[in-house]
Amino acid sequence: MTVRVQAEDFDVGTEHAALTRGKTAIGGVALFVGLVRDMAGGQPVSAMTLEHYPGMTEKQLEAIEAEARRRWPLDDVLIIHRHGRLEPGDRIVLVATASAHRDAAFESCRFLMDWLKTKAPFWKLEATPEGERWVAAKESDDAAAARWAS
Amino acid sequence: MKILYFAWLRTKIGVASETVEPPAGVATVGALVDWLKTRSPQHADALANSKVVKVAVNQEHVPYDHPLSPGDEVALFPPVTGG
Numbered sequence: 001m002t003v004r005v006q007a008e009d010f011d012v013g014t015e016h017a018a019l020t021r022g023k024t025a026i027g028g029v030a031l032f033v034g035l036v037r038d039m040a041g042g043q044p045v046s047a048m049t050l051e052h053y054p055g056m057t058e059k060q061l062e063a064i065e066a067e068a069r070r071r072w073p074l075d076d077v078l079i080i081h082r083h084g085r086l087e088p089g090d091r092i093v094l095v096a097t098a099s100a101h102r103d104a105a106f107e108s109c110r111f112l113m114d115w116l117k118t119k120a121p122f123w124k125l126e127a128t129p130e131g132e133r134w135v136a137a138k139e140s141d142d143a144a145a146a147r148w149a150s
Numbered sequence: 151m152k153i154l155y156f157a158w159l160r161t162k163i164g165v166a167s168e169t170v171e172p173p174a175g176v177a178t179v180g181a182l183v184d185w186l187k188t189r190s191p192q193h194a195d196a197l198a199n200s201k202v203v204k205v206a207v208n209q210e211h212v213p214y215d216h217p218l219s220p221g222d223e224v225a226l227f228p229p230v231t232g233g
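Chains as they are written, first to last, in our numbering: chain A, 1 to 150; chain B, 151 to 233.
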């Protein structure tokens, strides 16, 4: 399994080691870890709850991974996305791409994050001093994903 | 036909899912959304702005002109905000 949707935290070192173990053709791994920020829109955030669409989430992440593998020569890909209640500093998402050379690893890692943000069915609910609010999608995220259109 | 609601669509409408039987003329996702608006003031409010109501049929993103088939699982949700 290279796509995991889970409530539990993950350990970056453990995942990195598992991804590369015994695969000496890999020349580099690009690894992105998304974290919960303590501020959003000028307001403090005390917690964030991630809702998702079980079934569709996995399906979309697998499709995005397949698209990355089609575009770049990747030895391995790992996507972990958490759901449920998280606090500032907590890890939300891990995307790791392994390839013989760094360009494929860097570019595909960026691609996966950009596409994940506009296609994977997750929604963030932030807790702030003024109450809970659903995070609005950003146009900049759409623009980032559109860069990869083809 | 099973309809799923997520995020603020779920909280505004008040249920996470419902089973509905739209009339025969409701043949596309767009027609379904318009018909769902007539079910209650809460539906009408939640579905008022189609720019922020995205649709998946059988767990794939689809546009409003997508045709519907009996037994489809239709999900309505705001633009996604994961990552």
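Simulated from the structure, these hints should not be mistaken for lab results. Any given hint could be a false lead.
[Unchecked claim] Derived Cβ-Cβ restraints for the label pairs, each shown as a range: (1) A:Glu130 / B:Thr169: 30 to 38 Å; (2) A:Arg91 / B:Ala194: 34 to 42 Å; (3) B:Lys152 / A:Ser140: 30 to 38 Å; (4) A:Glu130 / B:Ser190: 26 to 34 Å.
Quick reminder that beta carbons are idealized off the backbone N, C-alpha and C, glycines included.
Hints, verified against the model:
no. : hint                            : verdict
1   : A:Glu130 / B:Thr169: 30 to 38 Å : 36 Å, holds
2   : A:Arg91 / B:Ala194: 34 to 42 Å  : 39 Å, holds
3   : B:Lys152 / A:Ser140: 30 to 38 Å : 34 Å, holds
4   : A:Glu130 / B:Ser190: 26 to 34 Å : 28 Å, holds
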